[in-house]
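**Q** For reference, the chains in residue letters:
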Amino acid sequence: KAGVTQTPRYLIKTRGQQVTLSCSPISGHRSVSWYQQTPGQGLQFLFEYFSETQRNKGNFPGRFSGRQFSNSRSEMNVSTLELGDSALYLCASSFGELYNEQFFGPGTRLTVL
Amino acid sequence: KQEVTQIPAALSVPEGENLVLNCSFTDSAIYNLQWFRQDPGKGLTSLLLIQSSQREQTSGRLNASLDKSSGRSTLYIAASQPGDSATYLCAFGGSNTGKLIFGQGTTLQVKP
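So the sequences go chain by chain: A and B.
First residue of the first sequence: 1, per this note's numbering; consecutive thereafter.
First residue of the second sequence: 1, per this note's numbering; consecutive thereafter.
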């Protein structure tokens with residue numbers, strides 16, 4: 001069974017631009033969660049989607065948004081990029097509930113110049 | 001506010017040693033706790049998941065325990081190997097939080 005895949009793996013953007021990241025969960029998994037990882041703040045929860053609905057949301061500004069499609073694939077979008085948005089963005093999928101075992105993708109490394 | 005603390009932040013041991021990584025949490029309303037491993041620049045690999053009704057879980061040389069009353073979990077690694085070198089993260093799943101809350105991790109180096 002294929003694991004969680006994320007595209008692209010690396011991105012370089014400039015301040016003010018916007019970016020879209022993609023996550024394909026493990027087949028059969030309906031929950032997708034997104035996390036931001038930085039050296040200073042560690043891993044922080046962005047949001048979780050289940051069956052195309054956002055179920056939970058972390059404490060991030062409205063510039064961070066996401067969606068989930070009927071095939072469970074998910075995208076997250078960051079508008080008006082800031083230098084502080086440079087991070088490793090990880091998505092995780094699980095079967096059903098958020099608290100089921102989480103399987104993580106390799107992440108997308110975003111650098112904002 | 002729920003806090004998850006991992007001690008120590010870094011650990012260096014010679015190959016073959018048994019070691020214990022600690023994770024503490026402040027919220028008693030726990031649903032489960034997960035331990036992950038992260039290699040540099042990579043995603044997280046799930047190691048063990050302990051439900052709130054369980055006391056411990058084992059997988060190979062790894063054993064994780066959960067003590068809800070003291071708000072602690074420990075990850076025991078037996079007979080450490082250089083390939084165990086990585087950052088180990090614990091994640092708290094609270095009954096009321098709707099999300100996983102991660103500790104800052106313990107970076108382990110096992111020297112040959």
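These aren't lab readings, by the way, just hints derived from the structure by calculation.
Mixed in with the good hints there might be a few duds.
Not the full set, but computed from the structure, chain B residues with beta-carbon under 7 Å of chain A [what the hints assert, rightly or not]:
(1) I7
(2) G43
(3) L44
(4) S46
(5) G98
(6) F102
(7) Q104
(8) K111
From the three backbone atoms N, C-alpha and C, an ideal C-beta is built for every residue, glycine too.
**Q** To test your reading of the hints: which numbers does this structure violate?
**A** 1 and 8
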